[in-house]
Amino acid sequence: MTDAHSTPSTDSASAERSAFTLDGRCIPFAPGETIMDAALAAGVYIPHLCHKPGYAPHGSCRVCVVRADGRELSACTAPALAGLKVESETEDIHALRLAVLQMLFVEGNHVCPACEASGACALQAVAYHCGMLTPRFPQRFPQRALDASHPDFILDHNRCILCELCVRASRDHDRKRVFAVSGRGIASRLIVDAPSGRLGDTSFSSEDEAAQVCPVGAILLRRRAFRVPIGKRRYDLAPISRTGDVATQLQAELEAETLDT
Amino acid sequence: MPRTLETAAHPERLRRVAIEPLTRVEGHGKVTLLLDDRDQVRQARLHIVEFRGFERFIQGRPFAELPVVVQRLCGICPVSHHLAAAKACDRLVGAVRLSPAAERVRRLMHFGQVLQSHALHFFHLASPDLLFGFDDDPAHRNVVGVIHDHPDLARRGVLLRRYGQEVIRVCSGKRIHGCAAIPGGVNKALDNTDRELLGADIGPVIQWAEEAVALMRRIFLTGGERARHFAAVPANTLSLVRPDGALELYDGGLRARDPKGTTIFDHAPDQDYATLLHEQVKPWSYMKFPFIAALGPDAGWYRVGPLARINNCDYIDTPRAEQARRDFAALGDGRPVQASLAIHWARLIELLHCAEAIERLLGDPDLIGDDLVREGQSGSIGSGSTGLGASGSGSATGRTGIGVIEAPRGTLFHHYEVDADGLVTRANLIVSTTSNNQAMNESIRRVAQNELTGHALTEPLLNQIEVAIRAYDPCLSCATHAIGQMPLAVTLARAGGEVLDELRRDPDGAFHREPTGPQSVAANGGS
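Top to bottom, those sequences are chains Y and S.
Using this note's numbering, you'd call the opening residue of the first sequence number 1 and step up by one each time.
Using this note's numbering, you'd call the opening residue of the second sequence number 1 and step up by one each time.
By construction, these hints were calculated from the structure, which means they are not laboratory data.
The structure displayed is predicted, hence computed values, not measured ones.
From the three backbone atoms N, C-alpha and C, an ideal C-beta is built for every residue, glycine too.
A portion of the hints provided could be inaccurate.
Not the full set, but computed from the structure, chain Y residues with beta-carbon under 7 Å of chain S [to be verified]:
#	residue
1	G70
2	A148
3	I154
4	A225
Chain Y with its partners taken away, still in its complex shape (with noise of 0.2 Å):
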């Protein structure tokens, strides 16, 4: 999906020189960025569950919506484009983005006083930033197994926001193809590569980068639970505004400062 806006063939200095507004605020970009791309790179931060740096965008969580020229669209999937006038952080957008988490809330069964991904969990974090402090919808309960056939890593489907992380990973990087998404609409569901349907039965590995990017407690690995004490977990030490993709660098300071205390 990203071919869809190659390189214009215009001189490069023009190109670089291309820009955006962002509330307001002038955001350079290179061709072939995206809205997200762009505003990560000037220090901008557009909230966003299924996106992740260097990874193929998905738009999948619709929580990174803005409103570009009137339309609103997924800033991780929308290219840039010069003069675009873009609002994210207007009381309406709020609005927009709000209500996509409270649903992503009640759609799973997400319990954060008894789960272990609470203070590192991106869903959990996401919604404090854009300020969600309660349900709004029914919750609906769902009831889903555990797959705890593998011998490091526990498979918790209550908690799976669908954002497909983990499936690119595994595709993308560790060419495994270990993940995947089945069913349509609601009943879509994370499964995985073996007859049997259980994770211990894949070639999944801690090795893996799909070990490493599930962004809430889906894919728990064992005994680890609960080892970061509060007020040393990811999201205890700064926001995800500061910590998240905008500053990949001072979260690895601040994780390395948490492993050496």
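Use these hints to put chain S onto chain Y, whose structure you have.
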């Protein structure tokens, strides 16, 4: 005491009085009294009317979640649940012996827990009855009355509790529902800043605790015969004790004694609890009735909690609390003290012990360290069906985790079974209040028989029932595995079921009389 008032022969012919909700206890409960035409109490029961279901909904979850999930049973003693579950998980990962730092952090946190819970219970929930009398105006007989009449005492109560909460926060990151213990250890130790912070205030805390013991001693002794006999029931006692017989709150062997002080079992391994204790279900309460198996269901009921612990232990290993214990024990003339109001006294002796023990631990160099988690040599349960450890897949030991601790209200048992993948398949929790179920019922029957029977019922008389229950400090919510406030309603009905009178206490303490009229009395007052 014979259980003469447990079940009346013809409840349908009796007048029913319900005390609902019970106030100044945690969770929802009610007491029903059945009276005959001469106002003689014929049946008295404490009902726990809540159901929580933790044992069910943790099934299928990874065991490492247990310490964090199960502590949500309670907002007052979550640390005890946290640690009981963590001790069970230690067994599951084969880490029977923790690192010195881990054990000290857990102990420190638990001393903070018991201290704050005891302070809350005594100053907030129980002191209005004790300071103002059982029959004081209910509009005054509450914590606001205490703040008004005894501002210094109330302030100390608040500060004592706050100190305990601070200890918990320093250890676990939060005052309530934090996380420190993990399977095999803790996720952090203390640092020097933490020690200085907690050390700065421990002096006054010990002093206030000592003064609280003196206050309760004075209240009890001033109460004379009445205080000695109020709701007193001779009970077997159960608690953990240290191998040398000392008072123990975190880990030890089980000791049970009969009302004369004769040992039933001693230093029994906590892992054997299920053979020592059995549980019975009765049709009129959600709460089970545990009993000492060797004595059978009728004679085997027992008391847990501060009174049981102080009676059971040979000594306390902190000097001021030990002095207070000796003073207290003299009351029993060589036998266990059985007075319900003495539970408060025992509670405050423990509070003093916790304060002293915290001071000692803060000076312990092992409180600081980076050896935090011990991995088990035996089973590597939870490593998946393909990765079970060398010591054998599916062995019963690797699949069962039992953790026993002395929670503020008494011995707390957590028992979990997990499958080869480390997911919980079964859980059994016996919380302190459940252990005290029969004892509390016996105490309210004693009050019903001694104080109520033959009298027209009034609010002060009915409050005595609650005073007896409050002495046990029941946490009704976790007992049925609560949410909300305790309402209290007293209904007077003719034997035919016609309601003659109804008094209702709102959660704000206001009392009002319900308009009376012929209405059916709820059937649950019967058998």
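Quiz item: Close enough to count: is the Cβ of A148 (chain Y) nearer than 7 Å to one in chain S?
Solution: holds (4 Å)
Quiz item: With a cut-off of 7 Å, does the beta carbon of I154 (chain Y) approach a beta carbon of chain S closely enough for the hint to hold?
Solution: Status holds, d = 6 Å.
Quiz item: With a cut-off of 7 Å, does the beta carbon of A225 (chain Y) approach a beta carbon of chain S closely enough for the hint to hold?
Solution: Interface hint status for A225 (chain Y): holds (4 Å vs cutoff 7 Å).
Quiz prompt | When the least beta-carbon distance from G70 (chain Y) to chain S is tested against 7 Å, hint result | solution = With a closest approach of 46 Å, the G70 (chain Y) hint is violated.
Going through the hint list in order, the structure does not satisfy hint 1, though it satisfies all others.
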